[in-house]
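K.L.:
Protein chains in written order, with full-length UniProt numbering: chain A, 1 to 322; chain B, 1 to 322; chain C, 1 to 322; chain D, 1 to 322.
For the record, the hints were derived by calculation from the structure and aren't laboratory data.
Note that the structure is predicted; figures quoted are calculated from it, not measured.
Just to be clear, a hint being listed does not mean it is correct.
Since copy identity is lost for identical chains, a pair holds within one copy or between any two.
[To be verified] Below, in silico cross-link-like pairs of lysine-lysine (DSSO-like), each with a Cα-Cα straight-line distance of 30 Å or less:
no.	residue 1	residue 2
1	K202	K85
2	K202	K239
3	K290	K202
4	K239	K52
5	K290	K312
6	K315	K290
7	K86	K35
8	K315	K86
9	K35	K312
10	K86	K52
11	K94	K290
12	K35	K202
13	K202	K94
14	K216	K239
15	K315	K85
4 protein chains.
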Amino acid sequence: MGAKCIAVLTSGGDAPGMNAAVRAVVRTGLSFGMKVYGVMRGYNGLLHGDLKEMNMRSVSDIMQHGGTALFTARSPEFNTPEGVKKAAAMCREKGIDGVVVIGGDGSFRGARDLTGEGILTIGVPGTIDNDIACTDYTVGYDTALNTAMEMIDRIRDTTESHDRCSVVEVMGRRCGDIALNTGVAVGALTTLVPEIPYDFQKDVIDRIRLAQSTGKRHYIIVVAEGVGHTQELAERIQKETGIETRATILGHVQRGGAPTLRDRVVASRMGYHAVELLQNGIGNRVVAMKGEEIVDFDITEALEMPRVFDEKMYKVSAVLSI
Amino acid sequence: MGAKCIAVLTSGGDAPGMNAAVRAVVRTGLSFGMKVYGVMRGYNGLLHGDLKEMNMRSVSDIMQHGGTALFTARSPEFNTPEGVKKAAAMCREKGIDGVVVIGGDGSFRGARDLTGEGILTIGVPGTIDNDIACTDYTVGYDTALNTAMEMIDRIRDTTESHDRCSVVEVMGRRCGDIALNTGVAVGALTTLVPEIPYDFQKDVIDRIRLAQSTGKRHYIIVVAEGVGHTQELAERIQKETGIETRATILGHVQRGGAPTLRDRVVASRMGYHAVELLQNGIGNRVVAMKGEEIVDFDITEALEMPRVFDEKMYKVSAVLSI
Amino acid sequence: MGAKCIAVLTSGGDAPGMNAAVRAVVRTGLSFGMKVYGVMRGYNGLLHGDLKEMNMRSVSDIMQHGGTALFTARSPEFNTPEGVKKAAAMCREKGIDGVVVIGGDGSFRGARDLTGEGILTIGVPGTIDNDIACTDYTVGYDTALNTAMEMIDRIRDTTESHDRCSVVEVMGRRCGDIALNTGVAVGALTTLVPEIPYDFQKDVIDRIRLAQSTGKRHYIIVVAEGVGHTQELAERIQKETGIETRATILGHVQRGGAPTLRDRVVASRMGYHAVELLQNGIGNRVVAMKGEEIVDFDITEALEMPRVFDEKMYKVSAVLSI
Amino acid sequence: MGAKCIAVLTSGGDAPGMNAAVRAVVRTGLSFGMKVYGVMRGYNGLLHGDLKEMNMRSVSDIMQHGGTALFTARSPEFNTPEGVKKAAAMCREKGIDGVVVIGGDGSFRGARDLTGEGILTIGVPGTIDNDIACTDYTVGYDTALNTAMEMIDRIRDTTESHDRCSVVEVMGRRCGDIALNTGVAVGALTTLVPEIPYDFQKDVIDRIRLAQSTGKRHYIIVVAEGVGHTQELAERIQKETGIETRATILGHVQRGGAPTLRDRVVASRMGYHAVELLQNGIGNRVVAMKGEEIVDFDITEALEMPRVFDEKMYKVSAVLSI
């Protein structure tokens, strides 16, 4: 039997486009005749009843803003069996029989547990890192990519004017997708990702020498957060080549900003799909994107899928960016 | 036998990301040991030998700029059997045995004809309209979408401050994809596309009334160029509802600007793929994107494929944007 | 004696930065120990008591958004002696003894009339057109300039790729400042402003010919709204020169968007200054900017000042943009 | 007697808008009938004859790009009496009797020395820091301000979503202007500048407590590079308040990017003025901006002027940003 009263929350790190997903859940739920609650500060709001009933106007003018209008927070209490039971009890008290959780893998484990306590719960992938194995795309990823690219475009102006080398660290602890795509888009001479070990001499110094031989005098090197040692790498390059080399860590700037069209549209489609599942009485699913299609997977299965790194693109990157 | 000497040109309307495709063709060709020519102003340059040999530095620092560094132009002369023969003869004179054409359907017909004259030719879809049936994505589309969205975000600020209605015309003569996606991304109350006839009372006025009943006081309506009558529509709305209504035609602004990451990355991958085909002695193919994969199709077959409009997204749009 | 309870409203056309001015008035008033009201929809809100008491958090997170969080509207009723009396009576009823009006010349006439009825009123110049004689700068102007420039930068990409001419109409009915500055910033071959009559042959055609003789193949011409005939001008140029020429009217996009730093900072300083005047028991003043200084003028005198067009910049523009 | 043949170079750190200044010098010089050289990589190019003659098209399409198309570099050799003599000799060899140097204080000392060797030299202030005492404005400052502001706007999205505190370091070693203005524009709770010592308890902790008492839950603190200790400050705040606090150093991103309108327009006017001076046979002057006027000063006097910090704005900032 389909859900009659649903709640939506954002959990884990915020990502641009989360607001579009929230808006889609709220408006789709209302248009399906459901009662809809917005839950504040992730699972915490569910634990402590910090939620408010939403109407069509509750989500007006939030889609174009970064961050999450529902706020987000970690919830150590929810990450215990007692916490999950308490949250489920709160749902029953409020009459909530379906929940949409927008977040990453950690948030999906909570969604699975909540479904286990009888509350149909759906996960929507929202994280800038694109580090969720079951989906080609996570909400926030495209905005983060474009923010990183635009910032490196700016760094390039000054790098080029001074005939320098710039080493730029972008987000991505376990997943090199931001680094790889940004590297292609800014023409990085070398891109270092956590998935592929690198050889300083071969992947950095030799490529600088090769590029120099074609007349190039400035160099951008993109490094994923998970590779690290960015400042140290810059110093080694300067020492080895004599080229003035600067390190920049882009940091939290990449998490915010008005979402790109793609983040708004994908988030809208995913939020709609999540509510369709709940309407059909289905829980414990992650909404995902495969190519241009919106699909869904069993959460438990999704959490066990291995991520696949795009080796072809990595190779293309090396060919194009001399 | 694979191509040894290739040329690249941009043809038809320019699109952001064309430079990334040109850069990818040049650098991939050079890395494969080919000689590479850049052809100026589309097929015209091929007819009149207006081309220059490229090296690794010839395409430095073009990827981040809109437009096309090779320029583009219409070529009535090339659109004749004699023109095609003359272009093929020029290719033979210069030793060019492979050509990559970046453009739209019209440009692909030229590519097919040139292959017919013995010059292996590959098409890469470059047009902001996303109106090429065989591919999910055309180079320039994502930038145009984001430009249109950002401009309508700005229009919304003033529309909202004055409790007005704004009717905004975006590009797309035959294809409503820009309108549909932009409409979702800006929360347009109604989106009018060439693929689906509309009823003024039901699709425009009734939706305004419905939104008004929920407390909404400002309205954005997105219209594809192919639907037209934008100014007239604005006047009808104002007359019918009494709400002050303004029309804006976004126009050529949508064609330019620094390409988004997606346009740069997809263009890079497509350009690489095009040269791989030529290296393998394959011509008469269009490079295309299916989901996240780069594939290719026979040009003749590609030109006959019907475009499919995303009815589901159209429906989602109507649900979300009240 | 200084004001103890003040109100702030935005009036006339909205402009980016108005929110920063509202925020400055509210927070400065509160920090001075005043009671502060926000008035909705311009003078209408004053007539009908549509206002709310503000606290420090009432203006959080509005500064970075375009438009006005207080909304704006025309008020024919206020533009009568009875309307002004009614508004003044409402002020007395609410205990309001000082008002800050953010808007243009029309709004300042209202401010003068309200002061005449015993309510100390201060005008803050907020209009994108920079058409207020007493001040070097109006809130919203810098954002509008940059928006127009960025849009024309985009148009240039496609204009250049096709060897075309583009005629672009920017805002400014009586005042050519947006056109003049945008023209310099985009390298417009010719800029047409309402303050200076133009000769089609000499100022347009001859300059195109001159630029052609230096090798230039694309041309941007900027036209202020008050000059008009943009579409017609494009057609005449194409007919006369044979160069494909397109017209674009930028329109309401120029009114919105996140305010630039300059608009936020100047608006903040002006809002602060306005409350300082009220605290000192001074009304009937317009806040203004002279160079980098914030000053103020008697409203009546300010309304009679003649605007001065920057002839030197106009000349510089012609020298630089061949 | 006026200069007949001039050269232009960019020196020191690059700044957005330098290209507009170069373009203005080149085109003004040509329009005055002068011969004009572009000098590569600062004073180095003058020492080694690395320069090229410019025509009207040499500076096409550079104005909208960050960095400097003439490149820049430090020149230890020029910073010696022999270096200056050698550069002057090269000028005489090429027939150059006037030079325009776009850069900061260090570059102006070179300009003074070159004038001393008989080559009329004019300085144009180009540096993002706004740290040149004689002028209200330096080319590049407005772009850097807006870049910093936009990045902090993004950081705010995630700071607010998580109820965090963010400490953000912006450029400015000796001069707090970027920090002060950016702080006002982003609503920083506290702004720390090199000109004014701060008290951790009073200026940071007490202000956080005060803001908390009004209901505020996220905090931005802006720190100028010259104050430093950004990471350490973040840790102290977190320790003292228990609020999760993150540090971000914006770094070299602030140096690049397409120049804002203000940087393009001021650079154009300054470049024009520099050539007017040379045409009148005047050297050893710095072009400067006072309010909205372009003026000039004796270089030696300019270098001795004390910078004045805007104490009033500092006070306004503290009032507005609770």
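K.L.:
None of the hints should be skipped; say for each whether it holds.
P.N.:
These are the hints, each one checked on the structure:
1. K202 - K85: Close neither inside one copy (54 Å) nor across copies (45 Å); limit 30 Å.
2. K202 - K239: within (16 Å within a copy, 44 Å between copies)
3. K290 - K202: neither (35 Å within a copy, 34 Å between copies)
4. K239 - K52: neither (58 Å within a copy, 33 Å between copies)
5. K290 - K312: both (18 Å within a copy, 16 Å between copies)
6. K315 - K290: both (23 Å within a copy, 20 Å between copies)
7. K86 - K35: within (21 Å within a copy, 44 Å between copies)
8. K315 - K86: neither (50 Å within a copy, 38 Å between copies)
9. K35 - K312: Result: close only across copies, 24 Å inter versus 47 Å intra.
10. K86 - K52: within (18 Å within a copy, 40 Å between copies)
11. K94 - K290: neither (35 Å within a copy, 44 Å between copies)
12. K35 - K202: This pair counts as between: shortest inter-copy Cα distance 27 Å, intra-copy 60 Å.
13. K202 - K94: Neither, since 61 Å and 37 Å both go past 30 Å.
14. K216 - K239: within (19 Å within a copy, 45 Å between copies)
15. K315 - K85: neither (49 Å within a copy, 37 Å between copies)
The structure is inconsistent with the numbered hints 1, 3, 4, 8, 11, 13 and 15, although it conforms to all the rest.
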